[in-house]
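Chemist: Letter by letter, the chains look like this.
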Amino acid sequence: MNVDFLQLILTTSSYSAILPLGLGIFKWRSLSFELKILSAYLFLSLLTDITTLQLANNLINNLPLLYVLTVLEFALFSWVYYNIFESFHLKKSVIVIAALFFLVFVISLYQNGVSSYATAPRTVESIVFTIYAIIYFNQILKGNHSFGLEKDAMFWFNGGLLVYFAGSLLFFSLSSFILEHASLEMQRKLFTTPAILNIVQKLLFTIAIWVSQRKK
Amino acid sequence: MGQPTEEINFLLLFLTGTLGLLFLASTLILFVFINQKRMLSQRNKLQALKSSYQQEMLKAAIDAQEKERKRIAEDLHDEVGAVLSLAKLNANRANEYSANEEGRRLNKDTIQFIDDTINNVRRISKDLLPPTLEEFGLIKAIDELVAKVRASNIVRIKFEYRGEFNNLYPEIELALYRIAQELVNNALKHADAGEIEIYLERNENHLTLKVLDDGSGFKVEEIDRKSTFEKGIGLKNIHSRVSMLDGEINYFPNLPKGTAATVELDLSTRIHK
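Residue numbers (numbering that gives the first Met the number 0), protein chains in the order written: chain A, 0 to 215; chain B, 0 to 272.
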C-alpha cells in the first residue's frame, strides 16, 4: 500500500472548510453576526484552497491567490475583532492596524511581485492575530462571563486563530527562504505544517459554529 | 541549504520552533479555560452564599414578625381581655346599685360597649395568631377563615382541597395560611370581588395554592414590573413568604374577569413534621 501522506494532508487541508461551512449554512439563521462573517470567510477560504490545490497539481503558480486570500482574511477577521472587542480604544486600534497592514501588503506586493510568497503580509498577519487572540482571552478573564467557555463560540474561534497563526508564524516568516533554498521534497514536507494547523483551525471553527447560540 | 544534513538540521530547528509556539498557544488556551471555569465556580458559590444569606435574613424577618404578632395577640387576650372582663363584671354589679332608670340604661349601654370591645379584641387576637392553625392545622384554619368571610355576607366564597396536609412543617402551614389570608384580603379590599375560590392541592411533594376572584383584576405585567418598594405591603408580604419557601407565585387573568393567583411549592427539599 503506497499512500502519499503529504499529499493526503494537503488535500484534506484544502477541503477542511467544507465541514464548518456546511454547518454554518445549516445554522445560518441562528448565527451571530460575527459567525456570519466567519462563514463568509470559510466560503472564500474553501474556494481559494481548492483553486490553489488544482493549480499546484497542474504545476501552475498559485501564489497570487494567496495574496488575495491574505487581504480578505485580514479584513474579515479584523471585522470580527472590531465587533467582539469591548474597549473603544481596541476597536479603534483594529481599524488603524488594518490600515497599516494594507500598507505593508501594498509595499510587499510592489517589492516582490504577485508571483512571490506573501511572506511579509502573512508574518504580520500571524503576529497581529496572535496578539488579538491573547487580548480577547484577557478580556474573557477580566469580564463577567456568566457561562462556561465550552459554550462560547468566540472562545473556540480565538482558539482556532491562535493555534493556526502561532503555529504557522515560523513557517510564514521563513517562507521566502524555504522556497528559495529548500529542495522541492523539503518544501512539500514543510508545507504540511500550516496544512495540519489549517485542519485543526477548521475543526475548532466547526466547534465554534456548533456551540453558537444567538444572543437574546 | 543544498546538503541533506543541512536540510535535516533546518527541519529539526523548524519543527522545534513550531512545536514550541504551538505548546505556548495550547498552554494559554488551557490556562484561560481552566481559570475561567474556576472563576465561574467561585462566582456561583458566592452567588449561592448571598442568596442563602438573603433567604436567612428574610426568614429571620418573617419569624420576628410572627413572634411580635404572637406577643401582641397574647397580650391582647391575657391583659386587655382580662381587664375588659373585669370592667364588665363591675358594670354588672354597678347595675344592681343604680337607683334610677337612667343610670341602669347607661350601665346597660356600657356593658354592651364592653361586650363589643371584648369581641373585637378576640377577633383581632385571632387574626394575629389563629389558634386553629396551631391546634388543628392548615385545612381547619382556612376553613375558619372562609367561614368568617362567608358570615360577613359581602362575598360568596368556597374552599376545596385535595391531598394530605397533616404532615406539613409548621412554618409552611403558617406561610400558606398568611398567603391565602392576604390574597383573600386583596380580593375583598381592592378588587371588589363578588366571588372568591380557594383551591389547595398536594401531589406528593408538589403543593399548589390557587386563589381566584371575579373582581376588577389588575394587569399582570404591572405586578411583575413593579419594584419591591412599589408593591403594597400585602403583595410584599406574599412575595416574601413565597420566596422564603423557595416557591413561585404567578398571577393570571381569571377570564372573563378577575384575577387568579397561583403559588407553587416544591416540598422535596423541606422536612415534614
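Because the hints were derived from the structure by calculation, they are not lab data. Note that the structure is a prediction, hence the values are computed from the model and not measured. The beta-carbon is built from N, C-alpha and C at its ideal position, and this holds for glycine as well. It is possible that part of the hints are untrue.
Calculated from the model, a selection of chain A residues having no Cβ within reach of chain B, i.e. all distances over 10 Å [what the hints assert, rightly or not]: (1) N56; (2) P63; (3) V70; (4) L71; (5) A74; (6) S86; (7) Y109; (8) S115; (9) A119; (10) H144; (11) S145; (12) F146; (13) E149; (14) K188; (15) T192; (16) V210.
Covered by chain A, per the in silico footprint, the following chain B stretches (three or more residues, Cβ under 8 Å) [to be verified]: (17) 5–13; (18) 21–31.
Chemist: None of the hints should be skipped; say for each whether it holds.
Modeler: Verification of the supplied hints:
1. N56: holds (24 Å)
2. P63: holds (25 Å)
3. V70: holds (24 Å)
4. L71: The claim holds: A/L71 sits with its nearest Cβ about 24 Å from chain B, beyond 10 Å.
5. A74: holds (23 Å)
6. S86: Label holds. Min Cβ-Cβ 18 Å, cutoff 10 Å.
7. Y109: holds (28 Å)
8. S115: Holds, because the least Cβ-Cβ distance between A/S115 and chain B comes to about 18 Å, which exceeds 10 Å.
9. A119: holds (19 Å)
10. H144: For A/H144, whose nearest Cβ neighbour in chain B is about 6 Å away, the distance does not exceed 10 Å, so it is violated.
11. S145: violated (8 Å)
12. F146: Not fine: 8 Å to the nearest Cβ puts A/F146 too close to chain B.
13. E149: Label violated. Min Cβ-Cβ 8 Å, cutoff 10 Å.
14. K188: violated (7 Å)
15. T192: Incorrect as stated: the minimum Cβ-Cβ distance to chain B is 6 Å, not above 10 Å.
16. V210: holds (13 Å)
17. 5–13: holds (count 4)
18. 21–31: holds (count 7)
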